[in-house]
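J.: Generate coordinates for the entire structure from the input sequences, incorporating the hints supplied.
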Amino acid sequence: MTRWYARDPARERRAEERARDLLRSTAGDNALEMYERLGFLAFESEGGEYGYLIYPHRPLVGYDARSGELLSEYCVRFRDDSDPEAGERLPDADDVLAKWLALRMDEDHTLRTANVHPLGRQLDPAMVRRDLAALQTWKATA
Amino acid sequence: MKLLRMTPGRGDVLLAEGDPEVAEDEERLIAEFRRQLELGMWAAVPDEGPGGRREATMVRDFSEIPATTERVIFFPKAAGG
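Protein chains in written order, with my numbering: chain A, 2 to 143; chain B, 232 to 312.
The hints are simulated quantities; they were obtained by calculation from the structure and are not laboratory data. Note that the structure is a prediction, hence the values are computed from the model and not measured. Check each hint, because a few of them may be wrong.
Now the in silico label distances, taken between C-beta atoms and shown as ranges [said to hold, decoys possible]:
(1) Gly-311/B with Ser-68/A: 34 to 44 angstroms
(2) Gly-69/A with Glu-248/B: 42 to 52 angstroms
(3) Ala-127/A with Asp-256/B: 25 to 35 angstroms
(4) Arg-291/B with Met-128/A: 30 to 40 angstroms
(5) Glu-269/B with Ala-7/A: 27 to 37 angstroms
(6) Asp-256/B with Met-128/A: 45 to 55 angstroms
(7) Glu-257/B with Arg-122/A: 46 to 56 angstroms
Each residue gets a CB set at the ideal place from its N, CA and C atoms; glycine is no exception.
T.: Spelled out as structure tokens, the structure:
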């Protein structure tokens, strides 16, 4: 059965504002600034070996944090179908925060849960390389 | 302590709030905590680690929540996309 819901841009905007507040209070001011400036979050594993670009409602992209080599797409989602009228997608900033929390709480489990694909399945590798370069520039100036 | 849940269309909503030191509040917080887990949510306790590093811990039972915790954030379990 096809499920649909009526989009309400004003409600979605308010939800995104709340989600950004939650992102800031949970992941920090820098995380919110990164998300607002670049459109994604970056997460580095505990040992600093791997990094991930966290896009809203798009796959995580893993990369070698030392060489910058892009590795794989990790497709993971956080579906909530408790209120059909609201749809099942979290606000963008909540989706990003959910991925950040999942990686922070248990990186291995999150990656095991994900469907793994070579880079390019959903995201344009050239765009991801530009995003990674933008991240390095942002880090150098932040 | 506040129990918050990320939701589609609204952002985070406050599910319950109370002082776990007060028996009546604790009972209400525990009931809501269990209800969210039964609904398939994950529960995250955000924290600040050494040097201000932002951390988060998954909790599977109310008793695992540190006494100083101000917020528990519920969100849907991860699934392969």
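J.: Taking the hints in turn, state whether each one holds.
T.: Results for each hint:
1. Gly-311/B with Ser-68/A: 34 to 44 angstroms: This hint is violated: roughly 27 angstroms between Cβ atoms.
2. Gly-69/A with Glu-248/B: 42 to 52 angstroms: Holds, since Gly-69/A and Glu-248/B (Cβ atoms, about 44 angstroms apart) stay within the stated range.
3. Ala-127/A with Asp-256/B: 25 to 35 angstroms: About 54 angstroms separates the Cβ atoms of Ala-127/A and Asp-256/B, which means 25 to 35 angstroms is violated.
4. Arg-291/B with Met-128/A: 30 to 40 angstroms: Between Arg-291/B and Met-128/A, where Cβ atoms are some 38 angstroms apart, the hint holds.
5. Glu-269/B with Ala-7/A: 27 to 37 angstroms: Between Glu-269/B and Ala-7/A, where Cβ atoms are some 29 angstroms apart, the hint holds.
6. Asp-256/B with Met-128/A: 45 to 55 angstroms: holds (49 angstroms)
7. Glu-257/B with Arg-122/A: 46 to 56 angstroms: Given about 47 angstroms between the Cβ atoms, the range holds.
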